[in-house]
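2 protein chains.
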Amino acid sequence: MDAVDKLGMTAAIEQAKNSYAEGGIPIGSALVYHGSAGEEPRLIATGHNERIQKASATLHGEISALENAGRLKPDVYRKSTIFTTLSPCSMCTGAILLYRIPRVVIGENVNFLGGEDLLRSHGVEVIVLGSEECKSLMAKFIREKPEEWNEDIGEETVA
Amino acid sequence: MDAVDKLGMTAAIEQAKNSYAEGGIPIGSALVYHGSAGEEPRLIATGHNERIQKASATLHGEISALENAGRLKPDVYRKSTIFTTLSPCSMCTGAILLYRIPRVVIGENVNFLGGEDLLRSHGVEVIVLGSEECKSLMAKFIREKPEEWNEDIGEETVA
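Protein sequences, first through last, are from chains U and X.
Each residue of the first sequence is one higher than the one before, counting from 1 in UniProt numbering.
Each residue of the second sequence is one higher than the one before, counting from 1 in UniProt numbering.
A portion of the hints provided could be inaccurate.
[Claimed, not checked] Calculated pairs, DSS-like style, for lysine-lysine (alpha carbon to alpha carbon, straight line, at most 27 Å): (1) U/Lys73 <-> X/Lys6; (2) X/Lys79 <-> U/Lys145; (3) X/Lys73 <-> U/Lys145; (4) X/Lys73 <-> U/Lys135; (5) X/Lys140 <-> X/Lys6; (6) X/Lys73 <-> U/Lys17; (7) U/Lys73 <-> X/Lys145; (8) U/Lys145 <-> U/Lys135; (9) X/Lys73 <-> U/Lys140; (10) U/Lys73 <-> X/Lys54.
No lab work stands behind these hints: they were computed from the structure.
Please take these sequences and the hints and turn them into a complete structure.
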């Protein structure tokens, strides 16, 4: 794992853990700017799912990181990587496409598989790390709070 | 235009105008629940683009309406229509797909054409009203603040 990926994924996992500790959905994200070749990578923003903490229907991990980043010039996104502990849902996939973020690094896609194919079909580089740490934290939450998890992905909970 | 559409589009256009009056991007949205046949339609939430007002990179009109709606049970979205004064970008398209909102009513798609085909390919009913009021307000904003508009859709402004 190179310096950019280590910086971004470490921050994303820390966000997921923080969210879990707060009683929230443990999905974290980070946006890292890597500019041109040789430039030092810079952590622009981090975020985590805020459904439970803020009663939010839109602050998924990635949306939260993008929101925390504030207003950026369009070319900043185009030289950045977005990190997420879990495969991005269709909303977060769409946000990545909106801002032409060229690279997405995903902790795991076993507990949920999102818009990876749509990203690839638009030329986005998608890397799935298969992180056991991400998988087990997410699986634990889904076991503990299945209804909250289903709500987060728009699924009805069958009793 | 039936009662649901009149309720939703009137609210969305009002939001767009309010945003313009605040110096913001004039895109408004509304979520209307229409439940089962015979039920009275209910305006769940409204919202407008908040890029300028809140320095927000994610609060497009539709995301803002969904956020203002708070946490809803998954089946509420499935019996609702989302209204927007402008064709939804890929992020807002993805949010509509996430929550399986079955019907989208769009004021206009001349100033921007978003993910209408992707919505239709997932079975979402998409109605474009071709509203002159929506078109002229949006066109006016784009003329006045092209850089802010480009930022909102991830486009670089060519000097």
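Between lysine 73 of chain U and lysine 54 of chain X, does the CA-CA distance stay at or below 27 Å? It holds: about 16 Å lies between the C-alpha atoms, which stays within 27 Å.
Need the status of pair lysine 73 of chain X, lysine 17 of chain U: alpha-carbon distance at most 27 Å? holds, 26 Å
Hey, lysine 73 of chain X versus lysine 145 of chain U, does the alpha-carbon distance stay inside 27 Å? Measuring from Cα to Cα gives roughly 15 Å; hence the hint holds.
So if I understand the rule, the pair passes when the alpha-carbon distance is 27 Å or less; does lysine 73 of chain X with lysine 135 of chain U pass? Holds, at about 26 Å.
Quickly compare the C-alpha distance for lysine 79 of chain X and lysine 145 of chain U to 27 Å and report which way the hint goes. holds, 25 Å
Within a Cα-Cα threshold of 27 Å, do lysine 145 of chain U and lysine 135 of chain U meet the stated pairing? Satisfied, since the Cα-Cα distance of roughly 15 Å is no more than 27 Å.
Given pair status - lysine 140 of chain U, lysine 73 of chain X, alpha carbons within 27 Å: With Cα atoms ~22 Å apart, lysine 73 of chain X and lysine 140 of chain U stay inside 27 Å; holds.
Tell me if the straight-line CA distance from lysine 73 of chain U to lysine 6 of chain X falls inside 27 Å. Measuring from Cα to Cα gives roughly 37 Å; hence the hint is violated.
Quickly compare the C-alpha distance for lysine 73 of chain U and lysine 145 of chain X to 27 Å and report which way the hint goes. Between lysine 73 of chain U and lysine 145 of chain X the Cα gap is close to 15 Å, so the pair holds against 27 Å.
Straight-line alpha-carbon gap lysine 140 of chain X to lysine 6 of chain X, limit 27 Å: Distance of about 24 Å is within 27 Å: holds.
Figure legend: structure checked against the earlier numbered hints; the only hint not met is number 1.
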